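2 protein chains.
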Amino acid sequence: MRTSIATVSLSGTLTEKLTAAARAGFDGVEIFENDLIGSPLSPEEIRDQAADLGLKIDLFQPMRDIEAVPEDAFARNLRRAEHKFRLMRRLGADTVLVCSSVSPHALDDDALAAAQLRRLADLAGESGIRVAYEALAWGRHVSTYDHAWRIVEAADHPALGVCLDSFHILARGSDVTGIEAIPGDRIFFLQLADAPQMALDVLQWSRHHRCFPGQGDLDVAGLVRAAVRAGYEGPLSLEVFNDVFRQADAGRTAVDARRSLTLLQEAAGLAAPPEPVVPTGFAFVEIATADTARITPLLTALGFSRTARHSGKPVDLWEQGEAGILVNTDTGSHRPEPSLTAVGLESPDPAGACARAESLLAPVLPRRRAPEDAPLDAVAAPDGTEFFFCATDRSGRTGWTGDFAPAPHRPAPAGITRVDHVALTQPWHHFDEATLFHRGVLGLRPHASVDLADPYGLLRSRAVSNEAGTVRIALGVGASPTDDPARGGRPQHVALLTEDLVATVRRVRAAGARLLPVPTNYYDDLAAHHTFAPGELETYRELGILYDRDEKGEFRHCYTVTTGRVFFELVERVGGYDGYGARNAAVRLAAQHAVAE
Amino acid sequence: MRTSIATVSLSGTLTEKLTAAARAGFDGVEIFENDLIGSPLSPEEIRDQAADLGLKIDLFQPMRDIEAVPEDAFARNLRRAEHKFRLMRRLGADTVLVCSSVSPHALDDDALAAAQLRRLADLAGESGIRVAYEALAWGRHVSTYDHAWRIVEAADHPALGVCLDSFHILARGSDVTGIEAIPGDRIFFLQLADAPQMALDVLQWSRHHRCFPGQGDLDVAGLVRAAVRAGYEGPLSLEVFNDVFRQADAGRTAVDARRSLTLLQEAAGLAAPPEPVVPTGFAFVEIATADTARITPLLTALGFSRTARHSGKPVDLWEQGEAGILVNTDTGSHRPEPSLTAVGLESPDPAGACARAESLLAPVLPRRRAPEDAPLDAVAAPDGTEFFFCATDRSGRTGWTGDFAPAPHRPAPAGITRVDHVALTQPWHHFDEATLFHRGVLGLRPHASVDLADPYGLLRSRAVSNEAGTVRIALGVGASPTDDPARGGRPQHVALLTEDLVATVRRVRAAGARLLPVPTNYYDDLAAHHTFAPGELETYRELGILYDRDEKGEFRHCYTVTTGRVFFELVERVGGYDGYGARNAAVRLAAQHAVAE
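Residue numbers (the numbering used here), protein chains in the order written: chain A, -10 to 586; chain B, -10 to 586.
Source of the hints: derived by calculation from the structure; they are not laboratory data.
Hints are supplied without guarantee of correctness; some may be wrong.
Identical copies look the same in the list; a pair holds intra-copy or inter-copy alike.
[Said to hold, decoys possible] In silico SDA-like links for lysine to any residue, alpha-carbon gap of 25 angstroms or less:
| hint | residue 1 | residue 2 |
| --- | --- | --- |
| 1 | Lys302 | Gly117 |
| 2 | Lys45 | Gly565 |
| 3 | Lys302 | Leu259 |
| 4 | Lys541 | Ala522 |
| 5 | Lys45 | Arg434 |
| 6 | Lys541 | Asn66 |
| 7 | Lys541 | Val91 |
| 8 | Lys541 | Gly240 |
| 9 | Lys541 | Ala126 |
| 10 | Lys302 | Pro352 |
| 11 | Lys541 | Ser454 |
For clarity, every value in this text was computed on a predicted model and none was experimentally measured.
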């Protein structure tokens, strides 16, 4: 099916919006009236620009407060419609959206609404234009799609059909199976938007909090399936009012939108992109730094061994248990401080994972960095992190490790078995995009979103993982940017799993690792909340270990102080504990600020 | 009455919060448990720090999910309480907040709740601690203040009273007159917060959208009056959960908070700061620029005459009708481009206006800039704009104009009669602070807030004015900051009133003023919406005039292109039109971006 996007979903001038939509691969656009009015281009120039970009103008939107009004008001409305139909002919748009009236002057009279819509369709038909009538969820008398369809059916005019909008239908909790009773050729248009579930006035919810399908809580795919079963053959069109999209880069938003639509088509059985390939573990985490003087002693203290050196690049592999850390000093000039730049995911099918990513518009990175390197399948995530799809054969050193020559360097291991999770900071305004990327492209399952209280603002955090919990990524986004850049650019971290945190901490402390000091007040609070075995709490206090407990198990964790833009966490999971110690986040964040100041 | 603020209302570390509260003049604080847990200071050090700052620790908050639970759970709760009471003794806090339980294990049993709260109060009383029981609006079984009071009354313990929270009470629409039936000495604490009216889940509304009294829609003053009539003599304490305050500068937020509380005390009849002095007109608008080469020709083309020069500073006065523009080239190095820096308000009592501003913590500017200058009463607004309170005697050139020597320079006036309004851009995150400042300090009335669609994000705009409409200020705030600084720092503008816009525009165009080009599509849309006298629309199209009409009258306006950080608007009001042409804002903003690119 054809794909389309409403210009109101994108930021910028009309030309910027059209260009972004075309580059992301949309087939058409809905042109929002205000975008046209504010444009210095004439309707003919807009038509030509869209055509040059390969875009059809699928819809002109919207006309409001048209129907079920006294005759004198309707005469004014018809006059207005004449102007707009003339404009649409110049624009080359053949379908107009008419939203159900919200006017206090509208009458609760379906027969009048049908008669007036029939007259409007008569006028439209003369210009070769079709009228798509849509029930707004907050329409004065018409607020459900079946009501809108009854009026359209009564009007019985070939130039009059319905427009179905997933937000208006699903926000009201309407049953979508009724859509199948509408003849497919009378569904003139399908507008798609998702939204997080909110107990908010529906008008505010719609105007400010819509998001792309798959980023919210509505069953948009179910609605699409119903429309397709009804015989709908028009475009799948995104119409998303969102305060963030209004100010974000249009090109980026359009790619996010197009990715969402492909995933929606897949979910609705309308498209079959390459199947998701779920990663099975972490192959490595890469830290880039211009100077290893700060990171090497820390890795050594954490019990890592430098086991190999890349044959062609200044990249060292450090290992302990199954945890691998690449230290890359080939950083150019823009990353002087240690930063987390890449993640290697163990993949049962790296080429397949890459093909799926490419079909979902993820930027695919060059397969070889140098001619002599082993080929690597890698993509860039929305936050700039590079994800490599790896098939490690640890015994034979083929695959990605084939480029590395052994470099024996063996400190005493500290009991770390593997990478538990990585925490990646997402750019402000792109959290939903990141979640969709990690779910759709990487095949990871998103968990609930939580708010974490930093002393300088709330942070939002959402974990994604595979089912086995062997790949876990904590996506975080900071408070909105302030004038103080020192408070932006939050550090990222790598959490390392151990089966005995107390023993590990004792070893890494003895080896010189500097761990984050935890306020004493925290332990007094722990004592108030839990009972512990004799000496247990004192050990935590002595070692700076944080503790959480839920119905499934226990969690112990602690942190190194931050080095550049990165720090490490050491974690121990007991029983079925599946979280990340969110209840300790506030004290950890406060402690990190205290150390940094 | 004493004033207090909860640390959760402010950003930063506990020390930063205490310092900010003390500097803004609060008498005490409520210490939020997480702020203490995250602090590296011991409870004794916190107690000493607060004492050094002159702050009493009025409340420790909160304990949750205490009451109406099975005995084994209550035993654990008492154990937890023992820890917390020990902590409070170290802290020197004598009142603890206990919120009504939200636990799914809580029982709907008032007698059990009363009995357990009585046991808790017994334990507290032994430590000299009072328990203040508060009904959360979303409490599982206890969600109204009268219900909480019935339980406290039944428990009948001297160490147990109620805490009244204006948000929880007013958000549910409870009748506050029932408060007067509670003996004043059993109201242990009064927490105050306002909030904008929202149809949002009350928990989300409370956690993220509270604001300081006077910044929202709740009748906080009415509640305070009821509590005072009941005999309450404890502190008035602000407890505001707000995502913005969590990340804003704590010192600034504390001043905003303290100002809000003074205005609340005034509204409730508990304090009498100097009375508001409502300004009657604009005396002048000051534009600072390092170089007059760009602004002088524009003022000349707009028909302004340079009528005077300051005797001691490089400041020129330009006049037309009653509109005065000061051009100040004494800008230092930080304002090279023309910027709107100061506004002179005609005041019936400049000294009184200044005294009120000072009592409301507005930074008062030095009365004389140079020894020979006439004394000036001036304050700085939250956005940095300097407001001068002037008593102009135009005939005798006394008052602020006494420093100016006539400098005849007389182009043909263009029909401008006075300043209609100024539009001031507010710093991101400080819109509510600005509104409260303009209402409380300057004595202007806020109007409804509107969203304006800029191509690169929604803008929020809110006008404040005096009753006569002779002082109007449009406060605006941009979309949240992005990485692109070119999109920040929006220009500000001065709107000049004329009685015949068409004639004025013809004159200023002929004199060389460069006006903002308006897209042709705008006039096609106007034609669809309104009928005009013959030739009228063509004139607007020719001259780039925007048009609005409402039930009260008509509005015509147009804009100069932006010069530096400032532009001018020319406006004509017909009939009782009282707005600012908000429906034309999107096209104006798009046109401004088009010119700038």
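For each hint, the structure was consulted:
In the homo-oligomer, the alpha carbons of Lys302 and Gly117 never lie at most 25 angstroms apart, since the shortest distance is 64 angstroms inside one protomer and 69 angstroms across protomers. In this assembly of identical chains, Lys45 and Gly565 lie within 25 angstroms of each other by CA distance neither inside one copy nor across copies; the values are 53 angstroms within and 45 angstroms between. In this assembly of identical chains, Lys302 and Leu259 lie within 25 angstroms of each other by CA distance neither inside one copy nor across copies; the values are 45 angstroms within and 74 angstroms between. Only within a single protomer do Lys541 and Ala522 lie at most 25 angstroms apart by alpha-carbon distance; the minimum there is 19 angstroms, versus 77 angstroms between protomers.
In this assembly of identical chains, the alpha carbons of Lys45 and Arg434 never lie at most 25 angstroms apart, being 36 angstroms within a copy and 49 angstroms across copies at closest. When the C-alpha separation of Lys541 and Asn66 is checked against a cutoff of 25 angstroms, the pair qualifies only between copies, where the shortest distance is 22 angstroms, while the shortest distance within a copy is 63 angstroms. Taking the shortest Cα distances, Lys541 and Val91 sit within 25 angstroms of each other only across copies (22 angstroms), while inside one copy they are farther apart (51 angstroms). Taking the shortest Cα distances, Lys541 and Gly240 never come within 25 angstroms of each other, neither inside one copy (44 angstroms) nor across copies (43 angstroms).
With identical chains, the CA atoms of Lys541 and Ala126 are never at most 25 angstroms apart, being 42 angstroms at best within one copy and 31 angstroms at best between copies. For a Cα distance limit of 25 angstroms, the shortest separation of Lys302 from Pro352 inside one copy, 23 angstroms, qualifies, whereas the shortest one across copies, 59 angstroms, does not. With identical chains, the CA atoms of Lys541 and Ser454 are at most 25 angstroms apart within one copy only, with a shortest distance of 18 angstroms there and 60 angstroms across copies.
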